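Asks: Go ahead and model the full structure; you've got the sequences and the hints to work with.
6 protein chains.
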Amino acid sequence: MTLQIHDKILLTGAAGALGQVLRERLKANCKVLRVSDLNDVGAAADREEVVQADLGDAAAVDRAVAGVNAIVHLGGYSVEGPFEPILQANIVGVYNLYEAARKHGVRRVVFASSNHVTGFYRQSDTITPAHPARPDGLYGVSKAFGEDLSRFYFERYGIETACLRIGSSFPEPRDRRMLATWLSHGDLHRLVSACLDTPVLGHAIIYGVSDNAVTWWDNSSAKHIGYRPQDSSDPFREAVYARTTPPDLSDPAAVCQGGAFVTAGPFESK
Amino acid sequence: MTLQIHDKILLTGAAGALGQVLRERLKANCKVLRVSDLNDVGAAADREEVVQADLGDAAAVDRAVAGVNAIVHLGGYSVEGPFEPILQANIVGVYNLYEAARKHGVRRVVFASSNHVTGFYRQSDTITPAHPARPDGLYGVSKAFGEDLSRFYFERYGIETACLRIGSSFPEPRDRRMLATWLSHGDLHRLVSACLDTPVLGHAIIYGVSDNAVTWWDNSSAKHIGYRPQDSSDPFREAVYARTTPPDLSDPAAVCQGGAFVTAGPFESK
Amino acid sequence: MTLQIHDKILLTGAAGALGQVLRERLKANCKVLRVSDLNDVGAAADREEVVQADLGDAAAVDRAVAGVNAIVHLGGYSVEGPFEPILQANIVGVYNLYEAARKHGVRRVVFASSNHVTGFYRQSDTITPAHPARPDGLYGVSKAFGEDLSRFYFERYGIETACLRIGSSFPEPRDRRMLATWLSHGDLHRLVSACLDTPVLGHAIIYGVSDNAVTWWDNSSAKHIGYRPQDSSDPFREAVYARTTPPDLSDPAAVCQGGAFVTAGPFESK
Amino acid sequence: MTLQIHDKILLTGAAGALGQVLRERLKANCKVLRVSDLNDVGAAADREEVVQADLGDAAAVDRAVAGVNAIVHLGGYSVEGPFEPILQANIVGVYNLYEAARKHGVRRVVFASSNHVTGFYRQSDTITPAHPARPDGLYGVSKAFGEDLSRFYFERYGIETACLRIGSSFPEPRDRRMLATWLSHGDLHRLVSACLDTPVLGHAIIYGVSDNAVTWWDNSSAKHIGYRPQDSSDPFREAVYARTTPPDLSDPAAVCQGGAFVTAGPFESK
Amino acid sequence: MTLQIHDKILLTGAAGALGQVLRERLKANCKVLRVSDLNDVGAAADREEVVQADLGDAAAVDRAVAGVNAIVHLGGYSVEGPFEPILQANIVGVYNLYEAARKHGVRRVVFASSNHVTGFYRQSDTITPAHPARPDGLYGVSKAFGEDLSRFYFERYGIETACLRIGSSFPEPRDRRMLATWLSHGDLHRLVSACLDTPVLGHAIIYGVSDNAVTWWDNSSAKHIGYRPQDSSDPFREAVYARTTPPDLSDPAAVCQGGAFVTAGPFESK
Amino acid sequence: MTLQIHDKILLTGAAGALGQVLRERLKANCKVLRVSDLNDVGAAADREEVVQADLGDAAAVDRAVAGVNAIVHLGGYSVEGPFEPILQANIVGVYNLYEAARKHGVRRVVFASSNHVTGFYRQSDTITPAHPARPDGLYGVSKAFGEDLSRFYFERYGIETACLRIGSSFPEPRDRRMLATWLSHGDLHRLVSACLDTPVLGHAIIYGVSDNAVTWWDNSSAKHIGYRPQDSSDPFREAVYARTTPPDLSDPAAVCQGGAFVTAGPFESK
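Here the protein sequences come in this chain order: A, B, C, D, E and F.
Heads up, the first sequence is in UniProt numbering, so the first residue is 1 and it goes up one at a time.
Heads up, the second sequence is in UniProt numbering, so the first residue is 1 and it goes up one at a time.
Heads up, the third sequence is in UniProt numbering, so the first residue is 1 and it goes up one at a time.
Heads up, the fourth sequence is in UniProt numbering, so the first residue is 1 and it goes up one at a time.
Heads up, the fifth sequence is in UniProt numbering, so the first residue is 1 and it goes up one at a time.
Heads up, the sixth sequence is in UniProt numbering, so the first residue is 1 and it goes up one at a time.
These are computed hints drawn from the structure, not numbers from a lab.
Note that the structure is a prediction, hence the values are computed from the model and not measured.
Take these hints with a grain of salt, some might be off.
Here's a subset of chain F near chain C, in silico, CB distances under 8 Å, partners left out [to be verified]:
id, residue
1, Gln123
2, Phe170
3, Glu172
4, Arg176
5, Ser221
6, Arg237
7, Glu238
8, Arg243
Which residues of chain B face chain A? A partial, calculated answer using Cβ under 7 Å [claimed, not checked]:
id, residue
9, Val50
10, Tyr121
11, Ala213
12, Thr215
13, Asp218
14, Tyr241
15, Thr245
16, Pro247
17, Leu249
Cβ coordinates follow ideal geometry from the N, Cα and C atoms, glycine included.
Replies: As structure tokens, this is what we get:
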């Protein structure tokens with residue numbers, strides 16, 4: 001169920017893969033959707049506004065945030081990589097976003113964190129958001145920073161945030177790991193909507209994952225969000241097995257939750 | 001599923017709102033239903049007995065309890081208020097009830113406790129019955145007393161009790177808080193039946209709540225009761241949002257689980 | 001170390017065994033010590049005030065509380081017994097005390113709770129204040145009520161309370177159970193002083209026990225109180241063993257932490 | 001969903017009740033099913049191999065294990081009884097099995113453990129695989145040994161094992177206890193398949209139980225297995241109640257999870 | 001403090017290194033000390049009895065146990081090795097011992113378990129007896145068996161046992177690992193005495209370790225035993241560092257708590 | 001006890017208050033102490049090297065790190081303040097440090113984190129390093145970043161780090177809050193030495209605090225470090241009380257562990 005209870009929502013990262021997915025769907029959640037990205041997001045459609053902004057540019061972020069009621073923050077550097085761009089987008093950028101939210105009185109943020117905050121747990125562990133962070137790279141560390149910063153803004157300034165530790169949100173699961181981590185696009189929107197709609201959000205961490213039979217994450221500590229996935233990776237399982245080979249259990253990338261991220265670095269910065 | 005495995009059940013508080021709801025339904029659980037209240041409960045229907053009793057009157061309570069196999073104890077003072085009536089109904093009254101149960105060999109009690117035992121938790125917390133009590137008023141404290149007393153009677157005398165921390169049991173949810181706390185009348189009966197039927201109950205605490213998407217309570221520690229809700233507040237959500245305003249997050253009554261109870265007192269006693 | 005940081009402290013139950021112990025010692029903690037009891041406490045000594053009060057009498061309790069900065073509440077019915085006197089002293093009485101504290105702006109209470117709140121744990125369990133209550137009688141239930149009520153007054157009105165689950169405070173340990181539960185009179189005063197002195201007390205539960213080798217209680221969740229026992233039952237152990245017989249492990253009174261309390265009831269009320 | 005991802009699976013205990021159930025069904029999981037037992041298992045059917053083996057005979061076990069990809073180990077002594085046969089089958093036998101698996105490079109084992117590893121918990125407890133073992137007899141102790149041994153072979157040699165603490169796997173639940181412990185034959189196969197199929201199993205413990213309303217076990221720590229029961233004891237409940245009497249709560253066999261096992265011993269060995 | 005509260009104690013494994021240490025000291029705990037071993041223990045000294053017994057021989061064990069009040073069970077195979085001798089001594093042997101204790105009414109056993117029950121935890125983990133077993137070899141698995149078996153005999157027959165997960169009990173610490181695991185001979189006796197003396201032991205698990213600054217084990221769940229170590233590895237630290245090299249952190253034997261045991265196997269059995 | 005087991009240690013932040021304290025003392029831990037700071041640290045003393053470096057300058061940090069065996073990282077921005085300098089010193093700086101450590105094969109880092117990582121807990125909470133971060137400002141968030149980053153470098157590259165959540169390290173406690181948070185200079189050195197000396201450090205978090213009676217922190221999860229404080233704030237308590245006033249419990253700065261930090265921001269960046 002989608003409730004149109006916000007006048008204006010800012011969607012950052014609107015030019016990215018998930019940004020495009022949510023751009024259409026979030027219009028059901030608000031009267032006007034403001035879309036923003038560093039890259040070109042095209043022209044404003046009906047009930048849309050476009051504000052181009054580099055997250056590392058505080059003034060631009062301030063302009064993007066001014067006047068909205070809620071923020072869905074997908075923007076940022078979204079894979080493992082060199083430190084500089086991660087620093088600018090995911091650390092300076094998220095700081096700029098929260099400072100703008102504070103100044104403009106925005107009360108609720110949905111923040112795209114990542115399962116890579118806990119990527120060094122094994123795929124045979126079932127974990128909850130209360131387990132200590134075990135980031136699997138600079139990307140994961142930067143997402144942990146965002147979670148911590150948003151916690152501070154909640155405790156100090158009352159800005160509510162849901163940190164979504166998104167698994168793998170693709171049209172369908174691509175490999176055996178994604179049988180556990182898959183978040184359908186429909187469930188992604190359901191999850192974001194739940195965060196936008198729940199009466200009292202507080203500061204919450206929740207894994208973004210569909211109703212897959214095999215999973216590593218227990219969201220029972222975040223029942224107040226009211227997220228109910230309706231999709232599952234299970235119908236894809238047989239096909240995935242048919243086209244992939246069994247994991248090599250001596251390879252950390254095969255047994256750790258973070259998959260290939262756990263062996264990706266280091267990326268030398270220029 | 002309702003099993004008629006008890007010969008005679010005592011229902012206290014039968015004149016109250018929930019008492020009336022259960023009076024009809026509990027007849028499926030027993031051969032004879034004895035209904036009791038301080039107030040007039042009308043004439044005995046088929047397969048009913050009527051015993052009027054003031055919970056504060058030990059002799060009257062003793063008469064009400066004599067000869068039954070199980071007790072569903074809804075009786076008592078059921079809102080926040082002055083200390084004297086709460087004391088008489090919820091402290092002296094529950095003591096009288098357990099003493100009568102002990103003397104007459106009653107083996108199982110379903111006790112209507114309340115979510116107000118833990119009302120000072122925030123609506124963004126997911127809690128379990130193992131979380132320490134944080135009562136939100138004299139009413140909540142009195143219900144915690146009942147839970148503790150019943151624990152003692154279980155450990156000392158073997159009387160099994162299910163403490164139901166009932167959320168909000170109304171025909172439908174009235175406000176945004178009740179989207180989380182709503183317990184349909186059907187689920188109320190299912191829950192009470194589960195407590196009456198489970199082979200071994202022991203001393204258990206369980207939140208009384210329907211299968212609402214947004215909830216604050218995790219009952220996984222009481223799986224042995226076998227309660228399976230079948231209703232949900234979700235179909236009511238859109239209408240509730242339409243007729244209510246967003247919570248003011250600086251108001252404890254808006255962010256604490258107990259809602260308006262947390263700011264209700266003190267009520268001066270005469 | 002004892003700090004004289006309170007102008008006037010009320011000591012209730014001053015005529016009781018522990019009341020007499022603390023009456024002398026608490027004068028080091030304040031400029032004036034007001035002593036109160038239902039029974040005669042004798043004439044006021046230097047820097048003392050005497051206010052006789054029945055805890056069940058709200059007006060008398062109000063007079064006893066008026067004008068003090070802090071309360072050490074030992075008053076009440078202190079053994080297992082019939083319900084009526086426990087009700088009056090430990091339930092109505094503690095309510096009267098907190099209402100008076102609220103009205104008169106008293107900010108801190110040291111409340112003599114009891115190990116009998118958790119008396120049904122076994123002597124081979126090591127428990128913390130976070131373990132659920134398992135009261136071993138009406139007395140233990142009444143002390144749990146006091147803990148819950150004080151929690152409410154802390155959350156609602158900011159009155160800080162330390163609930164001391166006192167073990168066995170006697171001049172020396174009398175039996176094998178007391179080797180574990182003994183709280184020397186010196187340590188009792190140290191504990192009360194720590195509660196009176198710590199900068200921020202909040203609402204805390206702590207077991208009142210000396211530094212005995214054998215113990216069942218882990219106070220590490222209450223380090224902020226700063227209690228450091230200096231006595232131990234160990235020097236008494238050999239003598240205690242010499243004059244007592246081994247426990248009968250089939251007797252609940254021998255293996256439960258509450259000792260003889262767990263088989264004491266019921267006491268019929270008149 | 002059953003995936004045929006293993007070339008050859010060894011099923012031990014194939015002549016037993018559950019062995020016969022799985023013999024037919026596991027053929028969907030592999031190209032060839034090798035069946036083994038101490039007793040006669042009849043002739044090899046299509047896509048079957050037969051290897052008779054006494055678990056206590058290391059050489060025979062070695063032959064049974066040679067050449068398979070995975071093992072479903074149902075073999076052993078499966079009720080409470082004298083120490084010798086339990087020792088040979090469940091201790092020496094399981095050691096022989098893991099040594100053979102190590103030597104032959106078998107990577108995954110599904111081991112039939114038992115709820116009797118934790119049989120001394122009460123039926124009013126909800127427990128998880130992380131709760132300490134409380135075996136209810138020599139049989140339960142021997143199953144705990146198998147769990148520990150398989151843990152060692154996982155940590156030391158990388159052999160993955162799922163320890164299934166099977167409840168009561170019969171065509172239908174026979175008594176009130178089995179309403180909680182029942183594992184349908186279909187769900188048994190689903191559970192074993194899930195263990196055989198999940199990409200990364202690690203070393204996991206999971207209770208083998210259908211989707212019964214009343215249950216004592218919380219498997220949320222083993223979500224990575226992906227087991228989803230589809231049957232329930234609930235439709236049998238009314239009939240079970242009709243033909244059985246209420247439990248005697250003073251009898252450990254009635255209130256402990258292990259049922260009659262908890263009072264079964266000792267069986268004198270010859 | 002040592003109390004002579006037992007008439008006759010059986011010490012098994014009396015010919016071993018720790019057996020010889022305790023043989024002298026335990027005479028302070030009883031009137032008569034019965035010493036037993038598979039190997040020759042020499043002649044009986046004053047207040048001693050000698051009973052030679054192979055733990056694998058039930059009748060011999062029965063004779064050794066007959067007539068004692070308590071047992072200190074050091075006997076068994078005490079290092080990693082082939083399965084057969086471990087099976088006979090540590091599995092069959094401990095079963096024989098408990099059966100004899102049951103038949104002869106012995107009420108308390110001090111059982112020498114081992115830190116190798118949890119040897120696969122890392123040296124940077126602080127663990128408690130509630131952490132799941134992670135045995136580092138067949139020896140560790142056999143000790144876990146003894147712990148589980150004794151738990152069963154406690155729950156079923158009331159025989160109290162302390163399972164001592166002994167670290168490294170030598171005259172002084174030999175290497176860097178032993179700085180954490182060292183248990184002085186004096187503290188070994190203190191620990192055994194505490195287990196023999198505490199009024200109610202129940203079934204307890206405790207790590208056997210001196211008061212070393214660096215340690216991996218938290219015994220706060222076993223405070224009821226009353227063990228207070230008086231020695232420490234600290235004075236030996238400088239010398240140990242001087243004669244040893246830093247650990248190779250890529251070697252499991254260097255970083256796991258079990259040390260060299262974790263890479264010791266397999267030992268082929270004949 | 002201080003062991004000289006490192007050839008060369010790098011001390012960053014050597015010009016700061018704590019840097020000066022450790023500069024003298026750490027010479028006992030190594031043959032050569034390399035001191036570094038952004039500011040002038042004076043000339044190199046005997047067995048010293050001086051390398052000036054701005055933490056935000058990767059090349060300078062690389063030069064400072066080259067050739068050392070271990071790092072004590074005090075450098076950084078050490079109070080709440082504007083984002084830019086915190087970003088440069090505590091985020092970019094700590095990244096530069098770990099990259100340098102990775103490139104040069106440094107195996108162990110002692111990282112000065114801060115109690116402000118958990119500053120929003122109340123002074124009546126006793127917390128452990130496993131409690132979720134609740135940073136009280138940008139400074140606290142930046143220290144949480146350092147903890148997370150070092151966790152990643154441990155899991156990915158094996159670099160061991162101790163994160164010291166230092167309380168208040170001054171010559172003596174200055175106010176009532178510091179009675180709980182005080183870390184004497186002697187204990188600071190003991191703690192750093194313990195981290196440098198322990199055989200296996202792993203990745204550990206520990207609060208840096210002396211043996212104060214009143215404390216909020218439980219370090220029992222980090223026993224493997226072997227830190228034993230020898231100082232205490234207790235002798236200063238009477239004087240501190242005499243010159244300070246009671247806390248205003250309605251002020252977050254008075255009741256939160258972070259003290260004045262929790263209300264310090266925001267600091268506008270230029």
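Asks: Quick check on F:Phe170 please, does its C-beta sit within 8 Å of some C-beta on chain C?
Replies: It is violated, given that the least Cβ distance between F:Phe170 and chain C is near 17 Å, above 8 Å.
Asks: Per the CB criterion, is F:Ser221 less than 8 Å away from chain C?
Replies: violated, 11 Å
Asks: Please verify that hint: F:Gln123, Cβ, nearest Cβ of chain C, below 8 Å or not.
Replies: Because about 4 Å separates F:Gln123 from the closest Cβ in chain C, which is inside the 8 Å limit, the hint holds.
Asks: Go through the hint on F:Arg243 and say holds or violated, using the shortest Cβ distance to chain C against 8 Å.
Replies: At 12 Å from the nearest chain C Cβ, F:Arg243 fails the 8 Å test, so the hint is violated.
Asks: With chain A as the partner, please determine if B:Leu249 meets the hint condition of a C-beta pair closer than 7 Å.
Replies: Because about 6 Å separates B:Leu249 from the closest Cβ in chain A, which is inside the 7 Å limit, the hint holds.
Asks: Are B:Tyr241 and chain A close enough, Cβ to Cβ, to be under 7 Å, as the hint says?
Replies: Where the cut-off is 7 Å and the nearest Cβ of chain A is about 6 Å from B:Tyr241, the hint holds.
Asks: Would you check whether F:Glu238 satisfies its interface hint, that is, whether its CB is within less than 8 Å of any CB in chain C?
Replies: With Cβ-Cβ at 6 Å, under 8 Å, it holds.
Asks: Report holds or violated for the interface hint on B:Thr215, using the least CB-CB distance to chain A and a cut-off of 7 Å.
Replies: holds, 5 Å
Asks: Using Cβ atoms only, decide whether B:Pro247 comes closer than 7 Å to chain A, and label the hint accordingly.
Replies: holds, 6 Å
Asks: Would the hint on B:Asp218 be counted as holding, given a Cβ-Cβ threshold of 7 Å to chain A?
Replies: holds, 5 Å
Asks: Once the shortest beta carbon distance from B:Ala213 to chain A is found, is it less than 7 Å?
Replies: holds, 4 Å
Asks: Does B:Tyr121 pass the interface check with chain A, least Cβ-Cβ distance below 7 Å?
Replies: violated, 10 Å
Comparing the model with each earlier hint shows violations of hints 2, 3, 5, 8, 9, 10 and 15; every other hint is respected.
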